[in-house]
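Student: Each chain, written out:
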Amino acid sequence: AQKVTQAQTEISVVEKEDVTLDCVYETRDTTYYLFWYKQPPSGELVFLIRRNSFDEQNEISGRYSWNFQKSTSSFNFTITASQVVDSAVYFCALSEFPGGSYIPTFGRGTSLIVHP
Amino acid sequence: DTAVSQTPKYLVTQMGNDKSIKCEQNLGHDTMYWYKQDSKKFLKIMFSYNNKELIINETVPNRFSPKSPDKAHLNLHINSLELGDSAVYFCASSQGTGGRISYEQYFGPGTRLTVT
Chain A
21 AQKVTQAQTE
31 ISVVEKEDVT
41 LDCVYETRDT
51 TYYLFWYKQP
61 PSGELVFLIR
71 RNSFDEQNEI
81 SGRYSWNFQK
91 STSSFNFTIT
101 ASQVVDSAVY
111 FCALSEFPGG
121 SYIPTFGRGT
131 SLIVHP
Chain B
12 DTAVSQTPKY
22 LVTQMGNDKS
32 IKCEQNLGHD
42 TMYWYKQDSK
52 KFLKIMFSYN
62 NKELIINETV
72 PNRFSPKSPD
82 KAHLNLHINS
92 LELGDSAVYF
102 CASSQGTGGR
112 ISYEQYFGPG
122 TRLTVT
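Chains as they are written, first to last, in the numbering used here: chain A, 21 to 136; chain B, 12 to 127.
Some hints could be false.
Said to hold, decoys possible - Derived DSSO-like pairs: lysine-lysine, alpha-carbon spacing no greater than 27 Å straight-line:
#, chain 1, residue 1, chain 2, residue 2
1, A, Lys90, B, Lys20
2, B, Lys30, A, Lys23
3, A, Lys36, B, Lys55
What the hints assert, rightly or not - What follows is a set of in silico ranges between Cβ atoms, one per label pair, in the way DEER data are often shown:
#, chain 1, residue 1, chain 2, residue 2, range
4, B, Pro19, A, Thr50, 21 to 31 Å
5, B, Lys55, A, Gln89, 24 to 34 Å
6, A, Thr51, B, Gln25, 44 to 54 Å
7, B, Gln25, A, Asn78, 47 to 57 Å
8, A, Asn72, B, Asn68, 35 to 45 Å
9, A, Asp42, B, Gly95, 28 to 38 Å
No lab work stands behind these hints, which were simulated from the structure alone.
We put the CB at the ideal spot given by N, CA and C, even for glycine.
Working from the sequences, and respecting the hints, build out all of it.
Tutor: So, in structure tokens, the structure goes:
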């Protein structure tokens with residue numbers, strides 16, 4: 021079973037629309053970390069946010085916001101007033117601590133296409 | 012000043028050849044990784060090195076071997092290349108994984124390997 025599920029393979033929106041990218045994870049650890057990364061068409065992977073399992077506060081950074089809910093094992097990412105430059109593949113990742121080292125697992129990514 | 016660099020950016024080679032990809036980070040991080048990204052954008056961790064010790068080795072063929080001459084470098088050697096090895100390979104680094112904290116990863120620009 022996938023540990024990180026990004027059910028939306030591709031999302032297409034028009035500029036200025038709000039869009040939410042879903043991430044559902046599975047873990048038995050009580051201590052774990054969640055991440056979001058962005059991969060624009062140029063190919064590089066860029067870190068966006070890190071959240072640990074004890075911090076359920078939502079985070080807002082400009083047009084980006086993240087909603088972490090342990091009750092539903094979800095860590096969703098919302099882009100408000102999307103722009104063409106937001107077009108990218110977005111990855112959610114889970115880092116667990118099974119045997120003394122953190123091992124990151126990435127979801128399969130959601131491709132976001134923002135049309136002008 | 013590039014944080015994580017990889018060379019070469021593109022690598023085209025024939026089946027059966029042996030090749031290496033170099034990675035260097037100037038962030039002072041303790042842990043470095045190698046990932047393989049397939050044509051469907053799936054990111055799979057291959058190796059992780061912490062202070063020159065291998066701490067993760069996923070089920071990758073032993074034709075792949077990481078070599079870390081020092082904390083700032085983690086090179087990837089591939090022997091007897093196969094068609095299925097064609098992919099984009101990313102190097103990454105993060106702060107040490109000691110303790111119960113998992114830090115975000117900083118990725119290199121990727122190396123697109125094509126095996127013909």
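Student: Confirm or reject each hint.
Tutor: Checked hints:
1. Straight-line distance between C-alpha atoms of Lys90(A) and Lys20(B) comes to about 40 Å, which puts the hinted pair past the 27 Å bound.
2. Our distance criterion of 27 Å between C-alpha atoms is broken by Lys30(B) and Lys23(A), whose separation comes to about 32 Å.
3. With a C-alpha separation of about 33 Å, the suggested pair Lys36(A) and Lys55(B) falls outside the 27 Å cut-off, and the hint is violated.
4. Judged by the Cβ atoms, the range 21 to 31 Å given for Pro19(B) and Thr50(A) is violated: they are separated by roughly 43 Å.
5. In this structure the supplied range 24 to 34 Å holds for Lys55(B) paired with Gln89(A), their Cβ-Cβ distance being about 27 Å.
6. Between Thr51(A) and Gln25(B), the C-beta spacing of about 47 Å keeps the proposed range 44 to 54 Å intact.
7. Checked against the given bound of 47 to 57 Å, the beta carbons of Gln25(B) and Asn78(A), roughly 52 Å apart, stay inside it.
8. Separation of Asn72(A) from Asn68(B) is about 26 Å and departs from the stated range, judged on CB atoms against 35 to 45 Å.
9. At roughly 31 Å, the beta-carbon separation of Asp42(A) and Gly95(B) lies within the given 28 to 38 Å, and the hint holds.
Violation of the numbered hints given earlier is confined to hints 1, 2, 3, 4 and 8; the remaining hints are satisfied by the structure.
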